[in-house]
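Listed below are the residues making up each chain.
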Amino acid sequence: MTTSTRTRADAPASAPGKRRTSRKQRVFGRHPLGLLFSAPYLVFVMLVFAYPLLYSVWISFHDFFFTAPGAQVERPFVGLANFVTAFSDPSVVRSFGNVGIFLLINVPLTVVLSLLLATALNRVTRFSTFLRVSFYVPYVTASVAVVAVWIFLFNGNGLVNQILGPAAPDPSWLINSNWAMPTIAFFVTWKQLGFYILLYLAALQGVPKELYESASTDGAGAVRQFFAVTVPGVRPATVLVLLVSTVTGANLFTEPYLLTGGGGPNGASASPVLIMYQRGLQQGQPDVAAAIGVVLVIVVLGIALLQNRFAGGKD
Amino acid sequence: MTTFQKILRGSVLGIGALAFLFPFYYMVIGSLQATPDPTVAGAFPNPANLTIENYGAINERINLFQGLVNSGIFTGGVLIGTLVFGLLVGYALAVLQWRGRGVTFALALLVQVVPFQLLMIPLYVLIARDYGLADNYLGMILPFAINSTAVIIFRQYFLQLPKELFEAARIDGATELVLLWRIALPLVRPAVITVVLLTFIGPWNEFLWPFLITKDAGMQPLAVSLANYISTVAASAANPFGATLAGAAVLAAPVVLLFIVFQRYFISTDIGSGVKG
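Protein sequences, first through last, are from chains P and V. Those letters in the first sequence? Residues 22 to 336, by the numbering used here. Those letters in the second sequence? Residues 69 to 345, by the numbering used here.
Since the hints were derived computationally from the structure, they do not count as laboratory data. Among the hints, erroneous ones may be present.
As the list claims (entries may be wrong) - Straight-line distance between alpha carbons at most 20 Å, and here's what the computed SDA-like set of lysine to any residue pairs gives:
| id | chain 1 | residue 1 | chain 2 | residue 2 |
| --- | --- | --- | --- | --- |
| 1 | V | K74 | P | R245 |
| 2 | V | K231 | P | P53 |
| 3 | V | K74 | P | T146 |
| 4 | V | K74 | V | L86 |
| 5 | V | K283 | V | R129 |
| 6 | V | K74 | P | L152 |
| 7 | V | K74 | P | F86 |
| 8 | V | K74 | P | F247 |
| 9 | V | K74 | P | L225 |
| 10 | V | K74 | P | A141 |
| 11 | V | K283 | V | L118 |
| 12 | V | K74 | P | R144 |
| 13 | V | K283 | V | L136 |
| 14 | V | K231 | V | G170 |
| 15 | V | K74 | P | F87 |
| 16 | V | K283 | P | F87 |
| 17 | V | K231 | P | R245 |
| 18 | V | K283 | P | A89 |
| 19 | V | K74 | P | E234 |
| 20 | P | K45 | V | T243 |
| 21 | V | K74 | P | F248 |
| 22 | V | K283 | P | T88 |
| 23 | V | K74 | P | S237 |
Turn these sequences into a full structure, and let the hints steer you where they fit.
See the structure below:
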């Protein structure tokens, strides 16, 4: 590989732009080597993203089942049958409702808390390294590891209920059908917050200091400055936080699988991805699971477009 | 800024830090308790109730060493793929001019918002069934092999290097690979550390994909074997909480330590640019 790379590289490198552009350069650009450097990545993207994406849509419209490798079987086109099968199942419909509850709690809480903490952190000079590290630690840690602690904290006689005493919900958080999903939403908010604080901190660097100064001379207090200068100043970041937290939330799997023992109690915390795993891989109906996935992505794209429309503003 | 506001800000940050750190402290304390003590007193170390037996207990149920090795191979494979191929693309995107550059950059951004739920079923069909890579390190690594966020970060850093540097070296007859290795790479060392840190946490913490693709306990990364322990065998252990938290501490420790040591490379602007493009 190296030898061929060298001969190709020499042509554009030794005489940049002076010689008449060769045919190769007209087709591939001034440095055709760029394409060669990018080839492994492009192959990777095709293999792991583009093709599976199309394949997923194809599976959802066909009668698809697992076969031994290499076996040739008919996979007839079945139209919307997989979608009908999926959404006539009440547990699938419920899982979409569950993730809706999740997003309604998780997304606003994430935006408000991460912006507040990032604003406070941005002004601080002492202990700032310690504070940053402690805010990011849950984000960098495996969900599986911190889930273990939350089970311990939130179970029937766990520390949280010990502190709450008679105010604790009965049955306890994770086995209570009203509290299971909100508890998962709180967990994920806590777990991911550091990443969004990081995004807001980057955005806060871009808000001009003069705006705060002029707001201050106009007599605006800290609260007024926050709403008049900070919030509009970081709006692009807010759109990004909304988008990323919605997409991450729709991908929810590990938390209901582990925190509530597979989406319990009685499916009250089952997420669509958890149902996809159960239907597709455990019960061997990948076509129905792919249909659920396609609908989920369309719903998420719709939500993201709405968020962009309403939070994105006119710029 | 008034004193009241300073105190308010301090307490918000303090409460935040406490809320973020306490579960980690509790993880360590809980993993050291001989008998689980869920009361408020149990949140403080009690010398009469301390033991390291939980670490032995979890090691008997799931082979911690094998789990760490599997996690290490999985993470190492992704790191190598990302560093080798990510650097090449990042360099090509920033320094070289070629047809398809714009499309490739757009792809690297787009790939980051492709939701995994849509890829889960076809990737499983392709990798586990068609390619027969279930219970195989390659099958585990493949979907994560080149981190697109890393590609964007590399590009961003290479763009900041002065163009004259490259022109001069090219006139001296250096090939692009030599340029990348000898001139560009040493100048973007902080980006490399940021990327290693950011890429490390992905596969090390990943649960869903290796969980789907490994059935053989000897092949499972620690996150998967610990999750299986939590969801199935925990009920039958004498001190399930102590053992689970001990396993959790072993899983969390490498990333947390790595992060604390290199925290100054985990900077908002780099990662912000990686996500926004």
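Of all the hints numbered above, which does this structure not satisfy? Sort the numbers upward.
7, 11, 15, 17
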